[in-house]
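2 protein chains.
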Amino acid sequence: MITVYGAYGFPPFLKGIVRDLRVYWALEELGLAYDIHWMDSSKGEHRENSNRLINPFGKIPSMVDGGQRMFETGAIVLYLYENAGKAPQDAHARAEVNQWCFAALNTVEPVFLDILRWDKFWMEKTGRAERYPELMGFADERLADLARAMGDKHYLVGNVFGPADILMTTVLDFARHEPKIFENHPAIRAYLERCHARPAYQRALAKQGVGPKANAA
Amino acid sequence: MITVYGAYGFPPFLKGIVRDLRVYWALEELGLAYDIHWMDSSKGEHRENSNRLINPFGKIPSMVDGGQRMFETGAIVLYLYENAGKAPQDAHARAEVNQWCFAALNTVEPVFLDILRWDKFWMEKTGRAERYPELMGFADERLADLARAMGDKHYLVGNVFGPADILMTTVLDFARHEPKIFENHPAIRAYLERCHARPAYQRALAKQGVGPKANAA
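Protein chains in written order, with the working numbering: chain R, 79 to 295; chain V, 79 to 295.
Hints are supplied without guarantee of correctness; some may be wrong.
Heads up, the list lumps identical chains together, so a pair's fine if it works in one copy or across two of them.
SDA-like cross-link-like pairs, simulated, lysine to any residue; straight-line CA separation at most 20 Å [as the list claims (entries may be wrong)]: (1) Lys198 / Asp223; (2) Lys93 / Trp196; (3) Lys285 / Asp118; (4) Lys121 / Glu219.
Calculated directly from the structure, the hints in this document are not laboratory data.
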């Protein structure tokens, strides 16, 4: 049985954005059964030593699958697809999947996450007037690059929905509160709508943040 | 034959930090032959459309290996080890390698890269007095977490040097100009010294930034 270490107790505007969603989404796409070990993020339970035994950096989510204890959403989502026999067998095709997973988390996420931070967490910090327009420019560039790379494909790799799409969607969603970012990029907007419309995404979203009380109810 | 798209023309203090080093290092560890297609980063050649055909986000490095065109250092380094038969065959062991590669690039890099930015690129930006001490605190926490996770291991996964160590070393090196960050973490300092001492690292470092003129000389 798979156990995901997930979060509850966060502000409602973060529903759909906290990273445990990525793991629930992959599990729902693959039709795998799982339990959620809920941690109250408002009390910082994820930063306690008991969680650092599974996730050394005191973050959410982690996953335990029998003897396999894992952290880092990129690695967890890739593992789930591979273990379910839904990853490419061919090393070249697998490299392309990896490449787009790293692109989502290492090239796109930093820009979109900082937009979220400046808008929702760093309201009192100085420097916004200078940094924010710069971030908007980077976001626009990333979306233009992404749209060009995708061309008329429906999904990032081989036109089949997979791990990279889970990561890319949730990363772009960090800026969903600023819809004007996406206005000049209708292909990306359509891509996000396509991914959000998947029943597995909807099921994952419904589980996110629900917490132990709702389970018991 | 493998071709790496690498950079020259950057300020000397970036030698050892620009991301193409990661790919040279992996190739040197694996004893693979390669050419370097040099791009003059001072002229922004990496941002031109010709490079965006290989690297959609206009960044350095990319790699072409026969029919395989790749970007994202995390994916390239993993691909090189796998293609050379030096990656674990077992899905569980491979997941552990992936996990530490993502940890380097998605959990450690953001903190250490921002320290580099504030010290070397953002001297004129407002907000440093507020943000910098916060980043120092995060860096200290990441190093403590990393040291605890490594215990007495010499390398990140299975006590054998591999892709995750290449990524982690180069990520931690973003803050090498601030040695006091590492003062309270002797195990991490020793880990970095161990990785830097590898002959393959030294060979990769010697190639970085050399550029086409030196090749012709």
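Evaluation of the provided hints:
no.	hint	result
1	Lys198 / Asp223	neither (26 Å within a copy, 27 Å between copies)
2	Lys93 / Trp196	within (18 Å within a copy, 32 Å between copies)
3	Lys285 / Asp118	within (15 Å within a copy, 49 Å between copies)
4	Lys121 / Glu219	between (38 Å within a copy, 19 Å between copies)
Violated hint: 1 only; the structure is consistent with all others.
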